[in-house]
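Chemist: Could you slot chain R onto chain S? The hints should help.
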Amino acid sequence: MAAPMIAEWSWFVALAFGVSFIKCLLLNAYHSTDFEVHRNWLAVTHSLPVSQWYYESTSEWTLDYPPFFAWFEYGLSHVAKYFDKEMLVVQNLNYASPATVLFQRLSVIFTDLVFIYAVKECCKCCREDKGKDLLGKSSFILATLLLWNFGLLIVDHIHFQYNGFLFGVLLLSVARHFQKRHLEGALLFAVLLNLKHIYLYVAPAYGIFLLRCFCFTQNNADGSLQWRSFSPLRLVALGLIVLSTFAVSFGPFIVKGQLQQVISRLFPFKRGLCHAYWAPNIWALYNIADKALSILGVKLKLLDMSKFSKASMTGGLVQEFQHSVLPSVSPLITLICTLLSILPAVFSIWRRPNGARGFLRCMVICALGSFLFGWHVHEKAILMAILPLSLLAVESKEDARTFLILSTTGHFSLFPLLFTAQELPIKILLMLLFTIFSFSSLTKLFSKSGPLLNSVEVAYLLGLVPLELICEFVYPLTSWQHTLPFIPLLLTSVYCALGVLYSFIRLYLSVLTAPSTTGKAKSQ
Amino acid sequence: MENWSLVSVCVLLGLTTRWAVSFSSYSGAGKPPMFGDYEAQRHWQEVTYNLPVQEWYFNTTDNDLGYWGLDYPPLTAYHSLLCGHVAKLINPAWVELRTSRGFESAAHKLFMRTTVLFADILIYFPAVILYCIYLSDGSSKRKVATALCILLYPGLILIDYGHFQYNSVSLALTLWGIVGLGLGWNLLGALAFSLALNYKQMELYHSLPFFCFLLGKCIKQGLMGRGLLLLVKISLTVLVTFALCWWPFLSDPQLILQVLHRLFPVDRGLFEDKVANTWCSLNVLIKIKTLLSRDTQLLLSFALTLLSILPSSIKLLTKPTLWQFKLALVNSSLAFFLFSFQVHEKSILLPALPVCLMMNELPLMAVWFLLISTFSMLPLLLKDGLLLPYTVTSLAFLYLGVYLLSALDRSPEEELRLGSCHKRMQNYLSKHNLSLLVKCSFTVSLVAMAGLSFTSVVLEPPARLPDLFPVLVSVFSFLHFLAMLLYFNLVQLTEPSSKKSQKKTN
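Top to bottom, those sequences are chains S and R.
Quick note: the first sequence uses the numbering used here, first residue 1, plus one each step.
Quick note: the second sequence uses the numbering used here, first residue 525, plus one each step.
Keep in mind that the hints were calculated from the coordinates and are not lab data.
All C-beta atoms, glycine included, are put in the ideal place defined by N, C-alpha and C.
Quick list of the computed label-pair ranges, beta carbon to beta carbon:
id, chain 1, residue 1, chain 2, residue 2, range
1, R, 556, S, 259, 53 to 61 Å
2, S, 33, R, 629, 21 to 29 Å
3, R, 558, S, 33, 34 to 42 Å
4, R, 984, S, 51, 42 to 50 Å
5, R, 964, S, 75, 35 to 43 Å
6, S, 486, R, 638, 25 to 33 Å
7, S, 180, R, 984, 52 to 60 Å
8, R, 1003, S, 48, 52 to 60 Å
9, S, 33, R, 711, 54 to 62 Å
Not the full set, but computed from the structure, chain R residues with beta-carbon under 10 Å of chain S:
id, residue
10, 548
11, 631
12, 633
13, 641
14, 919
15, 928
Pulled out of the complex, with its shape left as it was, chain S reads as follows (with noise of 0.2 Å):
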């Protein structure tokens, strides 16, 4: 038996080893302050007591992770220390020696190992057709998609992130609940939320799939929910489950009396309501739409020119901004708008579940929600809703098609993270690596029914590449690369957001207007 399950998996491994060598490669590539961020957390947890990590301000760039994360860097620190013990000196500010380099950026490719295991599981709960050519599989479409995706490779591996390790466990957990071990999913998300909290945003999804579809133990004969069989053991475990992880995490500082001072420290509201570079969200177009009506009423004489402060929207500082015809946005604003966008799909869930998959398309919704109406989002957050977006996208051709749209969009917002004339190339090369393999890949698998995207889609999308050549090739030459900096951050983040905004959509489509599915709900 073994034999054949290992030829079976060979393509696996040649696809994780593949994307571990080119990641090896980028060592010496560029990388953003997060590289110093996570730096400073190595010596902050490795040479200071629990009760300070969250007090200590020498960097400016303080723990802002949940514990668990932080004793994952403790963790770390003690690996680094055979590196190089200079990193783990708190006032070493900026310290990058070559070891320090080569230790952080193998934590990220070693602690990956997680992500890998994770796809392999998704991996395995993919429907497929037997006997298929190795290329068309869609377990092998799907692992190239999770190893080899673009934002995954750029923000991690150049820009320097854990977000590979952290994505591994969220689809990991996601594995699980498809293959209904439900509390260990639960477990993980727990903890996963420990690590880093911005998980928050698809707590929703989870928290009622599970109240509905683990709690409630049967359905009536449409779907829908049956009160009567509601299991309160069950409730009882997955409420001992998380109280007792977040007892975990949180207990020492709670018992410790710091829980305010950790709490204020992982929500700064005090940023913005978009970050320097707009995510290509909602906001990103009502700012935008405020700058067009202010100079069209002052084009027009219906405004008064002198009231405007001056402050231009994207300077490069994270700050607040006022707008100058539309209402100002408030934090409160941002999380009701937020709760609205995602509350359908909920309650969608909650009336038909549909399985794991329902769940999954819940959460993708949920990630996009936040992403677009959020309170200060960066950029980063879309890998959120693009990653657990391919497990459907090679199932269905309706999902396929918003995965290529949201995929591609998302991930070319992610361009302006890389900036440096060196690692121009590469951010090309790779993006069009993932793009021509999700489309060539994704098209070959749903060839029966047609082709994948209509003209105004492929328009749309090919309009992104004179968009590149204009940013970065062709207005750095002009005179205004000077006067006016941001315009290509800003058309980029404009341009995407519609994409974005369309994908979010499409999905809410799917949602709403899914076929009553009581046989395959049963079945799965």
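Modeler: Same frame as chain S, but now just chain R:
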């Protein structure tokens, strides 16, 4: 997936790897006063941009030949001129006469790397893809896999994108020559190879097989009829190409002689640094460099080289098929590398090109050879600070070769293509044992390579023998190359002349 998308994925992987390797350091970075090959290439841009053609190869007040004087044929000089013009547009300081000496900056490095990438995209990649699609056997997936392996050959990537040179240009031109001849476009082939010769004189290593293959084709068509016409056409193509390349120098015989003198610097000695060839390895035992006079050395190396390439050339002449041609290219260039005069360690890339083309037919041997060839340049790569890309690309290449080309699981007959010789061997060794023997020696050699790489990096050599590791590396590689030369000769000479096998390999 469609074939075009598979091919583009391959090309993109090749380009990504190249660009990622280019992040590393280059030869002579920050090492005045001489710097390294990077500075040599930049200096040539400076010289060709600022001086009239007639002065390029002469020692003048503006052109100090002692400092990286131009010693490649005119086509390289024209390429430098072209790059020089582009450099001037971007930043005149890069090619300013005299003051730009030793110029280094991040932007300049980026520019230089980009010129290499451009050359690769324009001529090397199309040649490899064309070759794999039209001239290699097997399913379309197998062809793409072969293309991927050729594009990811570490030796060439490390030298061009790490160390810094334009080897891919001359190799690509040769490959265009091979593709031309393979597809029956003889004139295009002759043109491309003439250009290759005019880009880098080291391409002479490949010249005899080209000559024999073309002559053999002519003879086959009948030397009194169509064959003669073909021969005349080919000769004319070659002559015209050479004349065009050398045009600015043809006015004065003195000029031609000076250029030739620069191209073949006999006074530089039998070998330089540590090369994995016969002379350097023999030097460990006998100090030939001091024992024999310069002329004797020259004669000896010339005689040995000629002797070792004659059998394969004659065989090719009598049987001009593509398979024979490829084998002859390997045998000739490897013999040149092992026995000829004034060989660089980087010249191993010349035999590596035709070996790359055998990756489909002889996966195990090809992968083995190509790994050893990369390993043989280890001392150079370490000097340039390329340990990381060396390790990663070599491991990736080994893995690709074993996984994609299934180098390890083919039957020994197919694997080794020894033909009749194999049958005779079967008297002593059973099929199974032979295959086992080959695989075991492959593994042992891999382990030894890994061990030697590790020790060269980690251990300090003993004070009495500062060159211990480079010498070990070159002797170890030399033994492999010698064995490979024998093996490839055996394959070529024992190939049966039946029509069936011709069809199979053609």
